[in-house]
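*Asks:* Each chain, written out:
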Amino acid sequence: ETAVFQTPNYHVTQVGNEVSFNCKQTLGHDTMYWYKQDSKKLLKIMFSYNNKQLIVNETVPRRFSPQSSDKAHLNLRIKSVEPEDSAVYLCASSPTGGAPETLYFGSGTRLTVL
Amino acid sequence: GDSVTQTEGLVTLTEGLPVMLNCTYQTAYSTFLFWYVQHLNEAPKLLLKSSTDNKRTEHQGFHATLHKSSSSFHLQKSSAQLSDSALYYCALSGHTNTGKLTFGDGTVLTVKP
Numbered sequence: 001e002t003a004v005f006q007t008p009n010y011h012v013t014q015v016g017n018e019v020s021f022n023c024k025q026t027l028g029h030d031t032m033y034w035y036k037q038d039s040k041k042l043l044k045i046m047f048s049y050n051n052k053q054l055i056v057n058e059t060v061p062r063r064f065s066p067q068s069s070d071k072a073h074l075n076l077r078i079k080s081v082e083p084e085d086s087a088v089y090l091c092a093s094s095p096t097g098g099a100p101e102t103l104y105f106g107s108g109t110r111l112t113v114l
Numbered sequence: 001g002d003s004v005t006q007t008e009g010l011v012t013l014t015e016g017l018p019v020m021l022n023c024t025y026q027t028a029y030s031t032f033l034f035w036y037v038q039h040l041n042e043a044p045k046l047l048l049k050s051s052t053d054n055k056r057t058e059h060q061g062f063h064a065t066l067h068k069s070s071s072s073f074h075l076q077k078s079s080a081q082l083s084d085s086a087l088y089y090c091a092l093s094g095h096t097n098t099g100k101l102t103f104g105d106g107t108v109l110t111v112k113p
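Taken in sequence, the protein lines are chains A and B.
Counting from 1, one number per residue, gives the positions in the first sequence under this note's numbering.
Counting from 1, one number per residue, gives the positions in the second sequence under this note's numbering.
Honestly, I wouldn't trust all of these hints.
[Unchecked claim] Partial selection, computed: residues in chain B whose CB lies under 7 Å from chain A: (1) F32; (2) A43; (3) S93; (4) K100; (5) G106.
[Stated by the list, open to error] The calculated DMTMM-like cross-link candidates involving lysine to aspartate or glutamate, where the alpha carbons are at most 25 Å apart (straight line), are: (6) A/K40 / B/D2; (7) A/K71 / B/E42; (8) B/K45 / A/E18.
Bear in mind the hints are in silico, worked out from the structure with no lab data behind them.
Predicted model, so just to flag it, every value in this text is computed and none were measured.
Yeah, the Cβ is synthetic: ideal placement off N, Cα and C, and Gly gets one too.
All chains should be modelled from the sequences, with the hints used to inform the complete structure.
*Replies:* Printed below as a string of structure tokens:
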């Protein structure tokens, strides 16, 4: 049963373009996350938001910026994409953001940068 | 900082044989371990979790026991099924208050007939 929805599923773009990915969760959770899953399947946290406030901001390039309109939505914008940004971007949510909690993931957005 | 080590990147088994995927960790904080499973083109999903030392946790035929003395949380199953073929991540929640998980590099399990 899907409760974390990501759009688009796939996106192909050229180096230097701007892209934006959307994520919505219907679980009523307070915390949402963006994870990057690279070509080697390594899974690394990028950001987490708790009720629209940035909680975790790992060391990611400044061209990445999360955007939250409410606690059910967390989008990811990438200004001027680079080839190394090609990856699957996974959105997740958890009830409160306190440790430890189960993460509920979306199916991901696969970005290919040509 | 926190770290999780999964020693096998790829495990290939014949259906019916036992499964064991290794996971060890390092953290200076409280310890909560997870196993997530990701089938092809699907979202990662929680398989097991534990914070209790030396207590076996089971779900969907898989089991794991957290051993704090050896910093391990190995995933096991007595008999592999074709449908178990997937990517398995061990993850650690050590640092409190952020919900942040540190994931291992993942183990791809392929079960053959």
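*Asks:* Confirm or reject each hint.
*Replies:* Okay, the hints, checked on the actual structure:
no.	hint	result
1	F32	holds, 4 Å
2	A43	holds, 4 Å
3	S93	holds, 4 Å
4	K100	holds, 5 Å
5	G106	holds, 5 Å
6	A/K40 / B/D2	holds, 20 Å
7	A/K71 / B/E42	holds, 24 Å
8	B/K45 / A/E18	violated, 30 Å
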